[in-house]
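Enquirer: Take a look at the letters that make up each chain.
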Amino acid sequence: MENIRLAFQGIWGHKMRSFLTMLGIIIGIASIITIVSTIKGTNEQIKQNLIGSGSNVVTVQLYQDSYTYDLSYNPPPEGVKVIEESTREVLEGLDGVEQVSFFTKREWSENVSAGSNSFSGGVFGVDRVYLELMDYQITYGRTFGDADFENCRKVVILDKTAAATLFPGVYPVGKTIEIKSEAFTVVGVVDKGASFAPTINSMEDYYMYADTSGGSIFMPGPTWPVVYRFDEPQAVVVRANSTDDMTRAGKSVADYLTANQISSNGSKVAAEDGEETEEAEVSGGSSFSYRSEDLLEQAQQLQEMSNSTNQQLIWIASISLLVGGIGVMNIMLVSVTERTSEIGLKKALGARKHRIRIQFLTEAAVLTSLGGIVGVVLGILLAELISRTNGIPVAISATAILISVIFSTVIGVVFGLLPAVKAANLNPIEALRRD
Amino acid sequence: MSMILQLDHVYKNYSRGKTEVPVLKDICLEVEKGEYLAIMGPSGSGKTTLMNLIGCLDVPTEGKYILDGKQIGSLDDNALADIRNQYIGFVFQNFYLLPKMTALDNVALPLLYAGVSQKERRERAAEALKAVGLEERAGFYPNQLSGGQCQRVAIARAMVGNPQLLLADEPTGALDTASGNQIMEIFRELSGKGMTIIMITHEPSIAACANKTYHILDGQLITTGKEAAADEEG
Ligand SMILES: Nc1ncnc2c1ncn2[C@@H]1O[C@H](COP(=O)(O)OP(=O)(O)OP(=O)(O)O)[C@@H](O)[C@H]1O
Ligand SMILES: [Mg+2]
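Going down the list, the protein sequences come from chains D and X. Heads up: the first sequence is residues 1 to 435, going by this note's numbering. Heads up: the second sequence is residues 1 to 234, going by this note's numbering.
It is possible that some hints are incorrect.
[Unchecked claim] The list that follows gives simulated cross-link-like pairs (lysine-lysine, BS3-like), each with its CA atoms no further than 27 Å apart:
no.	chain 1	residue 1	chain 2	residue 2
1	D	K353	X	K212
2	D	K422	X	K18
3	D	K15	X	K119
4	X	K100	D	K422
5	D	K180	D	K81
6	D	K180	D	K160
7	D	K81	D	K15
8	X	K70	X	K25
9	D	K422	D	K15
10	X	K193	X	K212
11	X	K33	X	K212
12	X	K70	D	K353
13	X	K18	X	K70
14	D	K353	X	K100
15	X	K119	X	K100
16	X	K25	X	K64
17	D	K15	D	K40
18	D	K81	D	K251
19	X	K119	X	K70
20	D	K353	X	K119
21	D	K251	D	K353
[Stated by the list, open to error] Chain X stretches covered by chain D per the calculated footprint, using a threshold of three residues with CB under 8 Å from any CB of chain D:
no.	region
22	71–85
23	186–192
FYI, nobody ran anything at the bench for these hints, they're computed from the structure. These numbers were taken from a predicted model, which means no experiment stands behind them. Backbone N, C-alpha and C fix where the C-beta goes; we use that ideal spot for every residue, glycine too.
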C-alpha cells in the first residue's frame with residue numbers, strides 16, 4: 001500500500017514523462033478495446049440477424065444441385081418420396097435433434113385474396129407441431145385442431161402481416177379468403193414470439209427474411225392437395241437440443257433424408273452398391289439432395305471472417321503494447337539511475353533487496369495499469385464514436401476490459417522486472433559514492 | 001568492557017581493470033562498547049573504505065571482521081542489510097536525506113525496514129527529532145532545512161533504531177563551525193549514554209572531541225591514542 005502511494009507520488013512528480021511513457025500502453029489498450037468491441041458487436045449482429053436468438057431451429061430443404069428445388073415452378077422431383085409420418089420418430093431419434101416438423105410451401109403465392117385485397121407472401125402446409133416449433137403464438141382465434149387435420153378442413157391461420165394485408169382494419173377470424181378459387185375460413189391469427197424475431201438492418205437482411213416479412217398463411221398439411229399437389233416432398237424444420245447442436249442436428253437430418261427419401265431411377269446399380277447414397281441420379285442427369293440451410297454455420301463463417309481480419313488488427317495493437325512496454329522499461333531504467341543515491345541510502349539503512357525490487361515493480365505496474373485504465377476509457381469512447389458515425393454495432397465486453405487492465409499491469413511487472421532487479425542489486429557503496 | 005567489533009588482519013583490494021589495487025592493508029582494530037573514536041588521515045588513504053567495512057556495506061577481501069560476535073565476511077546481501085539495520089547508524093558528510101520525505105519520515109525510515117508498526121515509527125521518530133532539538137521541524141522537507149539542521153535530522157535517523165554503533169563519515173565536513181559544534185555536542189551526549197561512536201574527520205578540533213584517535217596512512221592504521229594526534233598537530 002505504502003509502495004502504491006509512493007508510486008503515485010513518483011508518477012505525479014513527473015507528470016509529463018509519466019504520460020508520455022504511458023502513451024504506448026494507452027494507444028495499445030485503446031485500440032484493442034475498440035477492435036474487440038467492434039468485433040463482438042458485429043458478431044452479435046450477424047448471429048442475431050441470421051438465427052434470431054435462442055430458437056435453435058434449422059430448416060432442411062430439397063436441393064437440386066446447389067439450388068433449393070422450388071415446387072412453384074417445377075414438377076414434383078422424380079425419385080423423391082413424400083416423407084411418411086413414421087419417419088418423424090426416426091429423425092427425432094437422431095443425435096442433437098429435439099423435434100422435427102414437416103411442411104410444404106409456396107414462397108411467393110399467387111391467387112390468394114380476400115375481397116379486393118390480394119396476398120403474395122408465403123403459403124405453408126404444416127403438420128401439427130409446426131406452429132409451436134416455430135414459436136408462433138395465437139393472438140386471435142384458435143390454432144389447428146385434430147379435426148382440421150383428419151377431415152382436411154379448408155381452414156387457415158394468418159400471421160400478423162398476412163392478416164394486415166388481407167383484412168386491413170377488420171377482425172379476420174371467421175372471415176373467408178380465396179386460395180386458387182377455393183374458399184378457406186380464417187380460424188386464427190398468429191405472431192412470432194419475441195425471441196424469434198430477426199433483426200432487419202439492411203437490404204440483405206430484408207431479402208433474407210422476405211418470405212416471412214411478406215406474411216405467411218398456414219393450412220393443415222392434409223388440406224394442401226386441395227389447392228396444390230399431392231405428391232410434394234416436404235421440407236423439414238429441425239429444432240436442435242442447443243444452439244451448438246444446430247449444425248450437427250441439421251446435417252444428420254439432411255443426410256438421413258438424402259439416404260432414405262431419394263431413390264435413384266437412373267443408375268440402380270450404383271445405388272445397390274451402397275454408393276451414391278448422398279445424391280441420387282434422376283433422368284435429367286441432375287441430382288437431388290436434402291441439405292440443411294444452416295444459418296448458424298453461415299453466421300459462424302461470417303464471424304470467422306470478421307474475426308480473422310480483426311485478429312490481425314489485434315496483433316498490430318499488441319505490437320504497440322510491446323513498444324509501450326519497452327518504453328516503460330526504458331523510463332524505469334532511467335529512474336533507477338536517477339535514484340541511485342536514494343536506493344543506496346535505503347540499502348545502507350537496512351532495506352532488503354526484495355523491498356527495493358517491489359518498490360520499482362509497483363511503480364512500473366501502477367504506471368502501466370494507469371495507462372491501461374486510460375486506454376480502456378479511450379477505447380470505449382472510440383468504439384462509441386465508431387458506432388455513432390459508421391453504424392457499426394459495438395458491444396463493450398467486460399471481460400475485455402478486465403483482461404486489458406490486468407494485462408497492462410502484467411506488462412508493467414514484466415518490463416519493470418529488469419530495472420527493479422537492477423535497482424535491487426545496486427551496490428550501496430557505489431550508489432552512495434555517485435551523487 | 002566487552003568488545004563490540006574486531007578487525008583481524010583485514011585487507012581490502014579494489015580491482016581496477018585487471019590489477020588489484022590494495023586500499024586497506026593488514027588492519028587490526030578492536031573497539032569496545034561505549035568507545036568514542038576518531039579516525040584521521042589524508043584524502044585517499046582509505047578512511048571511507050574502512051568505514052564501509054565496519055558499517056557492513058562491504059566485506060573484506062581478506063581477514064576477519066567480527067561485529068558483536070558475528071563473522072561478517074560470509075554474509076549475503078540481505079543478511080548484511082539486516083545487520084546494518086539492527087546494529088549501525090550512519091551519518092554521512094552530505095546528509096543523504098530523501099528530498100520527497102518530511103524530516104519525520106526520513107528519521108522513521110530505518111524503523112520501516114525493521115518492521116516496526118507505523119504508529120510506533122512516528123512516535124520514536126518524533127522522540128529522536130526531539131533529542132536533536134528539531135521537534136518543531138518534523139513536517140519540514142529537507143530543502144526547507146539548513147545544512148546543520150539536515151545533519152541533525154540525519155543523526156536522529158541514525159540513532160532512532162537504538163543501534164550499538166554510530167558511524168559518521170565527516171559529519172561536520174559540510175558545516176560551519178557553529179553547526180559543527182552543535183553536532184559534536186549531540187555526539188558527546190550520545191557517547192555519554194553509552195553509544196559506541198566511530199567518526200572520520202579531517203579537522204583535529206573535531207577529532208579532539210573523541211576519546212581516542214586513530215590515524216590511517218596509505219591504507220595502514222599507523223598510530224593510536226590521543227597523544228599521537230596531538231603530536232601531529234604540533
Ligand atoms: N570502488 C572502488 N574502486 C576502485 N578504487 C576505489 C574504490 N573505492 C575507493 N577506491 C580507492 O581507494 C582509495 C581510498 O578511498 P577512500 O574513499 O577510502 O578514501 P578516503 O580516505 O575516504 O578519502 P577522502 O578523505 O577523500 O574521503 C582511493 O585511492 C580510491 O581511489
Ligand atoms: Mg572518504
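Enquirer: Confirm or reject each hint.
Expert: Verification of the supplied hints:
{"no.": "1", "hint": "D:K353 with X:K212", "verdict": "violated (36 Å)"}
{"no.": "2", "hint": "D:K422 with X:K18", "verdict": "holds (24 Å)"}
{"no.": "3", "hint": "D:K15 with X:K119", "verdict": "violated (31 Å)"}
{"no.": "4", "hint": "X:K100 with D:K422", "verdict": "holds (22 Å)"}
{"no.": "5", "hint": "D:K180 with D:K81", "verdict": "holds (25 Å)"}
{"no.": "6", "hint": "D:K180 with D:K160", "verdict": "holds (21 Å)"}
{"no.": "7", "hint": "D:K81 with D:K15", "verdict": "violated (79 Å)"}
{"no.": "8", "hint": "X:K70 with X:K25", "verdict": "holds (22 Å)"}
{"no.": "9", "hint": "D:K422 with D:K15", "verdict": "holds (24 Å)"}
{"no.": "10", "hint": "X:K193 with X:K212", "verdict": "holds (17 Å)"}
{"no.": "11", "hint": "X:K33 with X:K212", "verdict": "holds (13 Å)"}
{"no.": "12", "hint": "X:K70 with D:K353", "verdict": "holds (21 Å)"}
{"no.": "13", "hint": "X:K18 with X:K70", "verdict": "violated (32 Å)"}
{"no.": "14", "hint": "D:K353 with X:K100", "verdict": "holds (21 Å)"}
{"no.": "15", "hint": "X:K119 with X:K100", "verdict": "holds (20 Å)"}
{"no.": "16", "hint": "X:K25 with X:K64", "verdict": "holds (13 Å)"}
{"no.": "17", "hint": "D:K15 with D:K40", "verdict": "violated (35 Å)"}
{"no.": "18", "hint": "D:K81 with D:K251", "verdict": "holds (19 Å)"}
{"no.": "19", "hint": "X:K119 with X:K70", "verdict": "violated (32 Å)"}
{"no.": "20", "hint": "D:K353 with X:K119", "verdict": "holds (25 Å)"}
{"no.": "21", "hint": "D:K251 with D:K353", "verdict": "violated (64 Å)"}
{"no.": "22", "hint": "71–85", "verdict": "holds (count 6)"}
{"no.": "23", "hint": "186–192", "verdict": "violated (count 0)"}
Comparing the model with each earlier hint shows violations of hints 1, 3, 7, 13, 17, 19, 21 and 23; every other hint is respected.
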